[in-house]
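J.: Residues per chain are reported as follows:
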Amino acid sequence: MPNELFSLAEKENILVEFYNLPGDILGAYYHTQNKPSIILLHKKIEHSRRLLRCIFAEELGHHFRPTLDVNSLAFARTKKCVNAKYEKLAIFWAVEYLMPIDRLIEAVNSGFFLTHDIAEFFDITERFAGTGLMLYHQKRKEQMDKLLNCMPQELV
Amino acid sequence: MTNLIKKSWCAMATFGGRLRRLREEKDLKQTELAKLLNLESSSTISQYENESLNRIPDAHILKRIADIFDCSTDYLLGRTSNRKENLDAIIGTGNEYFTFHKDIPQEALDEIVSYAEYVIKKHEEKKKKGK
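Quick note, the sequences are listed as chains A and B, same order.
Residue numbering for the first sequence follows my numbering, starting at 1 and increasing by one per position.
Residue numbering for the second sequence follows my numbering, starting at 1001 and increasing by one per position.
Treat the hints with caution; some may be incorrect.
Said to hold, decoys possible - Only pairs whose alpha carbons sit at most 30 Å apart, straight line, appear in this in silico DSSO-like list of lysine-lysine:
id: 1; chain 1: B; residue 1: Lys-1122; chain 2: A; residue 2: Lys-43
id: 2; chain 1: B; residue 1: Lys-1121; chain 2: A; residue 2: Lys-35
id: 3; chain 1: A; residue 1: Lys-11; chain 2: A; residue 2: Lys-139
id: 4; chain 1: B; residue 1: Lys-1035; chain 2: A; residue 2: Lys-141
id: 5; chain 1: A; residue 1: Lys-11; chain 2: A; residue 2: Lys-88
id: 6; chain 1: B; residue 1: Lys-1127; chain 2: A; residue 2: Lys-11
id: 7; chain 1: A; residue 1: Lys-35; chain 2: B; residue 2: Lys-1128
id: 8; chain 1: A; residue 1: Lys-44; chain 2: A; residue 2: Lys-11
id: 9; chain 1: B; residue 1: Lys-1026; chain 2: A; residue 2: Lys-88
id: 10; chain 1: A; residue 1: Lys-146; chain 2: A; residue 2: Lys-88
Read the hints as simulated data drawn from the structure, not as lab findings.
Just so we're clear, the structure is a prediction, and the values are computed from it rather than from any experiment.
Chain A with its partners taken away, still in its complex shape (with noise of 0.2 Å):
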């Protein structure tokens, strides 16, 4: 449930807020100097649980791999995606947080093959677990070669 992802922002000092973004923005992350940062989510998305998920945890990585920037501002949106460096950070964080490796090999090992399965497994969306997919091949070689024995290949 997004509720374990509310208390850590609580946690860390981090607001909250629903809001009717403008555009094709479903989420946004906001820090400036010395004051709390904010994380803003669509207001359309409050009652879609896995993309509020996959979305509010995205936006906490922004907070958990920072910028060297001062100030920052990022988004989560719908359209296709320029990879920036420190977006890749934050997704990855996001994906450590909610599926982190060691749970994804016991799903694999117990017959969750398919980016959907895994996706209902870890109850996020399907194009985020197949990021995730891609960043742990990357990332984490020697753990997903060997999960790689027993997942159809076009997976990762």
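Let chain A serve as the given structure and place chain B on it in line with the hints.
T.: Frame of chain A; chain B shown alone:
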């Protein structure tokens, strides 16, 4: 069923054309795709793509193809041009929502920042009052 699909054929929006495009996008050979689909030979794939003998896969294989290429079966059958239309819940396509973009209009940025500042200000005032 085949006839129905045939009627709506137009360039590319056919099952064969779409299958070929998706396969080439993934850099898969016909033999590799056949293997993934547990088909005996790649000639089946070739027949699908060239629409020879009006061959079209059965529902099980169709579903498997949709899984492999991460698209909807409607897209494969040429009923929609949106690849993932039926898959992503509520929020449009929901794809790849992770990133920084330069095409957001300045007013939108201003709106977000001013709202964020407003919430932070309110929060700090509340904190002060609490003390």
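J.: All hints, please: hold or fail.
T.: Hint by hint, here is what the structure shows:
Taking the CA atoms of Lys-1122 (chain B) and Lys-43 (chain A), the gap is about 20 Å. The hint holds against a cut of 30 Å. Proposed proximity of Lys-1121 (chain B) and Lys-35 (chain A) is supported: the alpha carbons are some 9 Å apart, at most 30 Å. Between Lys-11 (chain A) and Lys-139 (chain A) the alpha-carbon distance is near 29 Å, which keeps this suggested pair within the 30 Å criterion. Proposed proximity of Lys-1035 (chain B) and Lys-141 (chain A) is supported: the alpha carbons are some 25 Å apart, at most 30 Å.
Among the hinted pairs, Lys-11 (chain A) with Lys-88 (chain A) is consistent with the structure: their alpha-carbon atoms are about 24 Å apart, no more than 30 Å. Distance restraint check for Lys-1127 (chain B) and Lys-11 (chain A): the Cα-Cα separation of roughly 16 Å lies within the 30 Å cut-off, and the hinted pair is therefore satisfied. For a cut-off of 30 Å, the pair hint linking Lys-35 (chain A) to Lys-1128 (chain B) stands: about 14 Å separates their Cα positions. A C-alpha spacing of about 25 Å is found between Lys-44 (chain A) and Lys-11 (chain A), which places the hinted pair at or below 30 Å, so the restraint holds.
The straight-line distance between the Cα atoms of Lys-1026 (chain B) and Lys-88 (chain A) is roughly 23 Å, inside the 30 Å bound, and the hint therefore holds. For the given pair, Lys-146 (chain A) sits about 24 Å from Lys-88 (chain A) by alpha-carbon distance, which is consistent with the 30 Å threshold.
Every hint, counting from the list given before, is met by this structure.
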